[in-house]
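Going down the list, the protein sequences come from chains A and B. Quick note on this note's numbering: the first sequence kicks off at 1 and runs consecutively. Quick note on this note's numbering: the second sequence kicks off at 1001 and runs consecutively.
What the hints contain is simulated information worked out from the structure, not anything from laboratory work. Heads up, some of the hints might be wrong.
[Unchecked claim] Listed next, the in silico DSS-like pairs over lysine-lysine satisfying Cα-Cα at most 27 Å (straight line):
# : chain 1 : residue 1 : chain 2 : residue 2
1 : A       : LYS71     : A       : LYS85
2 : B       : LYS1099   : B       : LYS1020
3 : A       : LYS64     : B       : LYS1012
4 : A       : LYS64     : A       : LYS85
5 : A       : LYS85     : A       : LYS40
6 : A       : LYS40     : B       : LYS1020
[Claimed, not checked] Non-contacting residues of chain A with respect to chain B, defined by C-beta distances greater than 10 Å in every case (computed):
#  : residue
7  : ARG114
8  : ASP180
9  : THR208
10 : ARG224
[Unchecked claim] Example chain B residues on the side facing chain A (calculated, C-beta under 8 Å, incomplete):
#  : residue
11 : LEU1004
12 : ASN1006
13 : ARG1010
14 : THR1034
Backbone N, C-alpha and C fix where the C-beta goes; we use that ideal spot for every residue, glycine too.
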Amino acid sequence: MRRPRIILATLLLTAIPVYAADIPQGERRSGTSFMAPQTKAMQDDDTANPGMLWTLEGEELWNKKYGTSDKACADCHGDARTSMKGIAARYPAFDRELGQPVDLEQRINLERARHQQASPLAYESHELLALTAFVAQQSRGMPITAGSDDELAPFIARGRELFMQRQGQLNLSCANCHDDNWDKHLAGSAITQAHPTGYPLYRLEWQTLGSLQRRLRGCIFGVRAQPYAFGAPELVDLELYLMTRAAGMAMEAPAVRP
Amino acid sequence: MAALINVPPRAKRGDIIEIKTLMSHIMETGYRHTADGAVVPRDIITSFSCRYNGTEIFRADLFPAIAANPFISFFTVADASGTFEFEWIGDRGFSATAKAAITVE
Chain A
1 MRRPRIILAT LLLTAIPVYA ADIPQGERRS GTSFMAPQTK AMQDDDTANP
51 GMLWTLEGEE LWNKKYGTSD KACADCHGDA RTSMKGIAAR YPAFDRELGQ
101 PVDLEQRINL ERARHQQASP LAYESHELLA LTAFVAQQSR GMPITAGSDD
151 ELAPFIARGR ELFMQRQGQL NLSCANCHDD NWDKHLAGSA ITQAHPTGYP
201 LYRLEWQTLG SLQRRLRGCI FGVRAQPYAF GAPELVDLEL YLMTRAAGMA
251 MEAPAVRP
Chain B
1001 MAALINVPPR AKRGDIIEIK TLMSHIMETG YRHTADGAVV PRDIITSFSC
1051 RYNGTEIFRA DLFPAIAANP FISFFTVADA SGTFEFEWIG DRGFSATAKA
1101 AITVE
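So here's chain A without its partners, still in its complex pose (with noise of 0.2 Å):
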């Protein structure tokens, strides 16, 4: 006896146009605020925030010499409370030397080649995380300023690019997503807006530390593309790009996400 099969055959037409409408200023939201009450709370307290055990570890690797130099971040930098202030709100920066913008993680790994004369940490090292989160955390609550340097401009267009460009097998781009489906959700998650204020940030389902490369990276995967290698260009294009389009948010990491 053969059971009868019943075939639905759903077909989604969607017209999506290329260039999606950005997000206007006023509807700017924060990832914190699609969060569970529970998830928030445990952002809000020092004690409970799990990326807080970071920014320690964080502050003990400022401190500690490194390298031929045998000088630390606080040799140069000082009290990392005020010399950092601000920072990483304006990350990822231009740098001269090698005429491209840098993300905040090889910022530090530059300082170290550069001025430490140390080898440099590897992407979602604990220790890179570490510092990068003591960094962070000294620009907590300031509005994010990346990307106002003048020649970061053809950089930021590349990363907008990159952003509206669709990708991978299930053929999506970022803004598919992130700007024309925010209030949705995907299965039980909230969509959210992509706004990278808490970065590097605590993530339950990684159960650690992470940086918004690996968010990215994870994204790519999702929509079954092949992602960019960690400290690849087009990556930290898309981070600046990101980071401009949240200009004026207030930073929030280590922030905790679910």
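Based on these hints, arrange chain B on the given structure of chain A.
Chain B in isolation, oriented as in the chain A frame:
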């Protein structure tokens, strides 16, 4: 290993106070495999305890289902000034301690 402890610095005698602890740990379950099929060995915290002026007031056993960086919070009655001593013990010889002081008026 970093730990975050939140004990109110002062309290009135007889007050019920909340103690919050956050410990940095990967809490590897022992049920996961690498891409080539090898088991990732279990590496978890197995026990947590808190002593208040030498007397144990709280103890917990931890298991593989508990998330990374375990957050443990509990309540006690503030009855004397002194110190809280915290201890985490786990696999692969893991051991960490922390202290916090309280003034009871």
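Hints versus structure:
1. For the suggested pair LYS71/A and LYS85/A, the alpha carbons sit about 21 Å apart, so the restraint of at most 27 Å is met.
2. In summary, the hint linking LYS1099/B to LYS1020/B is supported, as the alpha carbons are separated by about 12 Å, within the 27 Å threshold.
3. Restraint check: the Cα-Cα separation between LYS64/A and LYS1012/B comes to about 40 Å, which exceeds 27 Å; the hinted pair is violated.
4. With a C-alpha separation of about 20 Å, the suggested pairing of LYS64/A with LYS85/A holds against the 27 Å cut-off.
5. For a cut-off of 27 Å, the pair hint linking LYS85/A to LYS40/A stands: about 24 Å separates their Cα positions.
6. For the proposed pair LYS40/A and LYS1020/B, the alpha carbon gap of about 17 Å is at most 27 Å, so the pair holds.
7. The claim that ARG114/A lies off the interface holds: its Cβ sits roughly 29 Å from the closest Cβ of chain B, which is beyond the 10 Å cut-off.
8. With 10 Å as the threshold on Cβ separation, the claim that ASP180/A sits away from chain B holds: the shortest Cβ distance comes to roughly 34 Å.
9. Residue placement check: THR208/A does not keep its beta carbon more than 10 Å from all beta carbons of chain B (closest about 6 Å).
10. With a closest Cβ-Cβ approach of about 19 Å to chain B, ARG224/A is found to remain outside the 10 Å limit, as its non-interface label requires.
11. Checking LEU1004/B against chain A: minimum C-beta separation of about 5 Å stays under 8 Å; hint holds.
12. Taking 8 Å as the C-beta contact cut-off toward chain A, the hint placing ASN1006/B at the interface holds, the least distance being around 4 Å.
13. For ARG1010/B, the suggested interface contact is broken, since its CB lies about 17 Å from the closest CB of chain A, more than 8 Å.
14. The closest approach between the C-beta of THR1034/B and any C-beta of chain A is roughly 17 Å, which is over the 8 Å cut-off, so the hint fails.
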